[in-house]
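Fit chain B to the known structure of chain A by using the hints.
Protein chains in written order, with my numbering: chain A, 389 to 550; chain B, 389 to 550.
One should not assume that every hint holds.
Same chains, same names: a pair is fine if it fits in one copy or spans any two.
Straight-line Cα separation of at most 20 Å, SDA-like style, residue types lysine to any residue; simulated pairs [claimed, not checked]:
id	residue 1	residue 2
1	Lys487	Thr416
2	Lys549	Glu503
3	Lys397	Asp516
4	Lys471	Asp421
5	Lys397	His509
6	Lys397	Met518
7	Lys397	Val512
8	Lys549	Ser492
9	Lys397	Arg519
10	Lys408	Met389
11	Lys397	Phe517
12	Lys471	Leu413
13	Lys549	Asp421
14	Lys397	Glu520
15	Lys408	Arg532
16	Lys397	Asp421
17	Lys397	Arg532
18	Lys397	Glu504
19	Lys397	His535
20	Lys471	Pro459
21	Lys397	Thr412
In case anyone wonders, no lab produced these hints; they're calculated from the structure.
Protein chains: 2
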Amino acid sequence: MAHDQLSVKMQLDAWYFQVKAFDTLLGTLSDKDLMAEIAPGRNRGIYLLGHLACVHDLMGPILMFGEVMFPDLKRPFLDEADKAVSELPPLYQLREQWKIVNNSLATHFAQLTPEEWFTRHNSVSEEDFMREPHRNKLNLLISRTAHLAYHRGQMALLPRKG
Amino acid sequence: MAHDQLSVKMQLDAWYFQVKAFDTLLGTLSDKDLMAEIAPGRNRGIYLLGHLACVHDLMGPILMFGEVMFPDLKRPFLDEADKAVSELPPLYQLREQWKIVNNSLATHFAQLTPEEWFTRHNSVSEEDFMREPHRNKLNLLISRTAHLAYHRGQMALLPRKG
Chain A
389 MAHDQLSVKM QLDAWYFQVK AFDTLLGTLS DKDLMAEIAP GRNRGIYLLG
439 HLACVHDLMG PILMFGEVMF PDLKRPFLDE ADKAVSELPP LYQLREQWKI
489 VNNSLATHFA QLTPEEWFTR HNSVSEEDFM REPHRNKLNL LISRTAHLAY
539 HRGQMALLPR KG
Chain B
389 MAHDQLSVKM QLDAWYFQVK AFDTLLGTLS DKDLMAEIAP GRNRGIYLLG
439 HLACVHDLMG PILMFGEVMF PDLKRPFLDE ADKAVSELPP LYQLREQWKI
489 VNNSLATHFA QLTPEEWFTR HNSVSEEDFM REPHRNKLNL LISRTAHLAY
539 HRGQMALLPR KG
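If we strip away everything but chain A, and leave its shape as in the complex, we get:
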């Protein structure tokens, strides 16, 4: 297997490992659990879930797959901090949106060739990309994998309310 193909495979494996581990964790958490803070005074589980669904949804336009699917997530889960917005979407909807955005990404990922993973993403101009070829689609996947791991570590601390 060529090295660019291997690199893409390894990074996709790392991404799917994190997504699957988060899914498994989420499956053990009740809606009541998700309304609790992960630590005293910190973000609630619902905020982390909405935040990750929103950030993954935003990967679509950055990777040139298409428009965001759930623009309403941005204000409560990205622009604003937890508890700043009083009316949040219900948890069954957030759980569903989390699945939909990841499934959509998976569908698009499966269609990209290794070569395409090394082309620029939408947050960098063609001009800048000439000088900074590491600002490619694979690099976005690398940073979002770490972002997911970071918040998964926090979600794992959520106390179980039953």
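Same frame as chain A, now just chain B:
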């Protein structure tokens, strides 16, 4: 820049981003802070620090750079859970060991060619590696970067005791 070289650069950037962010966070935490639990009933800051120092130290032999430097970290911070071992090394020593292991890795990383990153690591046999060429040194770096991000997300929750 060739794609294998780019892949290695991107992954090393991701690694150093996490190490630096953890260093910055650690610099804001007092020894007293590190003796607290990150959330009620969960691991203490000292355990996360010792755990990460130990896991990074163990990357040396897996990547064939040499022996572990601090074998005494393994029992209290990897084999055992937090609070199972009553006598832990002092925090000034753990802070120092954390720096030493990362600096040692950086020195070795700088000497690896992109080609070498795609060679097998020590936890896979030559025979298995023939069939599973993704089990290479770069892949270990990918998984340890996510591991660090996971625990950094937790360490960020540590309450400040002053």
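Verification of the supplied hints:
{"no.": "1", "hint": "Lys487 x Thr416", "verdict": "within (15 Å within a copy, 37 Å between copies)"}
{"no.": "2", "hint": "Lys549 x Glu503", "verdict": "neither (47 Å within a copy, 50 Å between copies)"}
{"no.": "3", "hint": "Lys397 x Asp516", "verdict": "between (26 Å within a copy, 17 Å between copies)"}
{"no.": "4", "hint": "Lys471 x Asp421", "verdict": "within (16 Å within a copy, 26 Å between copies)"}
{"no.": "5", "hint": "Lys397 x His509", "verdict": "both (19 Å within a copy, 17 Å between copies)"}
{"no.": "6", "hint": "Lys397 x Met518", "verdict": "between (25 Å within a copy, 16 Å between copies)"}
{"no.": "7", "hint": "Lys397 x Val512", "verdict": "between (24 Å within a copy, 18 Å between copies)"}
{"no.": "8", "hint": "Lys549 x Ser492", "verdict": "neither (32 Å within a copy, 44 Å between copies)"}
{"no.": "9", "hint": "Lys397 x Arg519", "verdict": "between (26 Å within a copy, 15 Å between copies)"}
{"no.": "10", "hint": "Lys408 x Met389", "verdict": "neither (25 Å within a copy, 33 Å between copies)"}
{"no.": "11", "hint": "Lys397 x Phe517", "verdict": "between (23 Å within a copy, 15 Å between copies)"}
{"no.": "12", "hint": "Lys471 x Leu413", "verdict": "neither (23 Å within a copy, 24 Å between copies)"}
{"no.": "13", "hint": "Lys549 x Asp421", "verdict": "within (5 Å within a copy, 27 Å between copies)"}
{"no.": "14", "hint": "Lys397 x Glu520", "verdict": "between (23 Å within a copy, 12 Å between copies)"}
{"no.": "15", "hint": "Lys408 x Arg532", "verdict": "both (14 Å within a copy, 17 Å between copies)"}
{"no.": "16", "hint": "Lys397 x Asp421", "verdict": "neither (35 Å within a copy, 40 Å between copies)"}
{"no.": "17", "hint": "Lys397 x Arg532", "verdict": "both (16 Å within a copy, 17 Å between copies)"}
{"no.": "18", "hint": "Lys397 x Glu504", "verdict": "both (13 Å within a copy, 18 Å between copies)"}
{"no.": "19", "hint": "Lys397 x His535", "verdict": "both (19 Å within a copy, 19 Å between copies)"}
{"no.": "20", "hint": "Lys471 x Pro459", "verdict": "within (19 Å within a copy, 45 Å between copies)"}
{"no.": "21", "hint": "Lys397 x Thr412", "verdict": "neither (22 Å within a copy, 32 Å between copies)"}
The structure fails to meet hints 2, 8, 10, 12, 16 and 21 from the earlier list, while all remaining hints are met.
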